[in-house]
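A.B. asks: For reference, the chains in residue letters:
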Amino acid sequence: MDDHLTVAPTGAAIGTYPVNLRINGQPHRFEVEAWVTLLDLLRERAGLTGSKKGCDHGQCGACTVLVGGKRINSCLTLAVMQNGKDITTVEGLADGTRLHPLQQAFIEHDAFQCGYCTPGQLCSAVGLMNEGEANTVAEVRELMSGNVCRCGAYPGIVAAVTEVMGLPERKDNPDRPYLPGTVPA
Amino acid sequence: MNPITYVEAADVAGALGHQHISGRAFIAGGTNLIDLMKEQVMRPSTLVDINGLRLDTIEPSASGGLLLGATARNADTACHPLVRDGYPLLTAAILAGASPQIRNMASNGGNLLQRTRCHYFYDLATACNKRDPGSGCAAIGGLTRQHAILGASAHCIATHPSDMCVALAALEAVVHVRSGEGARQIAFADFHRLPEDHPERDTTLAPGELITHIELPPAAQFAAHSAYLKFRDRASYAFALVSVAAMLDVGDDGVVRDARLALGGVAHKPWRAPLAEAALIGRRAGPETFAHAAELLLSGARGQGDNDFKITMARRAVIRALEQALEGTHDNSHEFAGKEPL
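So the sequences go chain by chain: A and B. Take the first sequence: its position 147, counted from the start at 1, is 147 in this note's numbering, and no numbers get skipped. Here this note's numbering runs 1000 ahead of the position in the second sequence, where the first position is 1.
The following block holds chain A by itself, in its conformation from the complex (with noise of 0.2 Å):
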């Protein structure tokens, strides 16, 4: 993004504005834009590339980050308004070299290709674990659907989830009516 290129008004002040944030347990503190976006920060500011920028408009998911335990499109949201609070990237779920539950899950399920939108699917699956809303496999799918999979790994991701949230697997049902114009997974 260009944007940060973008010259002000001749004679007027850029200002910044201070932003301290706790970024995976550790204290930061940054001066920043007001118009700079949390995955910018992220991303430039903070050395952490995890988070991605897919879309850059939350319609892709690739941003997902956690604040405070939820999670959100670090895209659509400026560091200046994160102020104070606890944020959580990929890069902080493992427990040093032990991966997360759902990382390891993710490789024994073959849930990325690619792995672009992988750390956007990790943080958002922690995020649904966290609201405690999905209960069957059909909700965690739908309620995943905020980060698209361009390499179609849903059926992995979908499995990974729902092995580590301790989901039955889905079995078979005849009396459930099968929606034409759905995808398998």
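One or more of the hints may lead you astray.
Said to hold, decoys possible - For lysine-lysine, the following DSBU-like pairs were computed, each having C-alpha atoms within a straight-line distance of at most 35 Å:
id	chain 1	residue 1	chain 2	residue 2
1	A	K85	A	K53
2	A	K53	B	K1038
3	B	K1038	A	K85
4	B	K1038	A	K70
5	A	K70	A	K53
6	A	K70	A	K85
Said to hold, decoys possible - Derived contacts from chain B toward chain A, CB cut-off under 8 Å, selection only:
id	residue
7	I1004
8	Y1006
9	C1079
10	L1082
11	S1099
12	Y1237
These aren't lab readings, by the way, just hints derived from the structure by calculation. Idealized CB from N, CA, C, for every residue including glycine.
Place chain B on chain A using the hints.
C.D. replies: Just chain B now, with coordinates in the frame of chain A:
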């Protein structure tokens, strides 16, 4: 994004105090405003952050309804026990919109104020009376799959994108606003407007006015019979082609005592028609009554070409939503179940 100044307001008076600044915009969730700023469709000079105003509560109102804070998040609103139990239609509508991430960020006040997703509104290279008054409307005669079939004008055929607002229209919510001049309340039907010859005005909110709360009147009579039915191009995370909020109060004799119907995705505002609801009341609930109400609700509908199908789709959706409401409280779990293949 253009250079902007950022101010955090500590209270309502502080937020309203910045209204003399030209190009001032309030920001709460920012999910729509920041996107539009990136596209240069909206170019505020100063953002006044209203998240510190303590308007994020959901609590019973004095009149026995519910008061939703303007900065309460859509997700927190949808999942609040008082909303889930008393207003299942609102929960269903909110959960049918956007994604979990966006619902975690988006505020209730902001949901009301979100702009149309008309492609031409977003595309600076095309004419749009909503973005640039007087420039024309490139949507008319263009790609119109998402556009209005009701209440459009020769200047704008955009639709309001919200799901939440369709439920709020059916619930006859009241929008509480504050300005330097004091407080006032706006009936939901009067909050959004039709484009007419001023499509740049989405709402009847005056410059400088701030939404503080959205009040839900008591709706216990409808709590057992409601449905939010949404048709879209994807199974999830897409704007409505057509959506229906339906609420029924049905007696033991099967006669409709009261009814509410609102359509989404078809007009510049959630669409209601008093005649359609009147045609349900006092009649026996059933296919013929529902079909008649659907005819009346779609009365005057006109397609733009690509979206002609919406007229038939909306008519059928109204009938199906009323059938679902008659059965009971239709929430999104049915949608989830339907989506799971064999």
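A.B. asks: Work down the list of hints and note, for each, if the structure agrees.
C.D. replies: Tested hints:
no.: 1; hint: A/K85 with A/K53; verdict: holds (21 Å)
no.: 2; hint: A/K53 with B/K1038; verdict: holds (14 Å)
no.: 3; hint: B/K1038 with A/K85; verdict: holds (24 Å)
no.: 4; hint: B/K1038 with A/K70; verdict: holds (24 Å)
no.: 5; hint: A/K70 with A/K53; verdict: holds (19 Å)
no.: 6; hint: A/K70 with A/K85; verdict: holds (11 Å)
no.: 7; hint: I1004; verdict: holds (5 Å)
no.: 8; hint: Y1006; verdict: holds (4 Å)
no.: 9; hint: C1079; verdict: holds (7 Å)
no.: 10; hint: L1082; verdict: violated (17 Å)
no.: 11; hint: S1099; verdict: holds (3 Å)
no.: 12; hint: Y1237; verdict: holds (4 Å)
Checked against the numbered hints given earlier, this structure breaks only hint 10.
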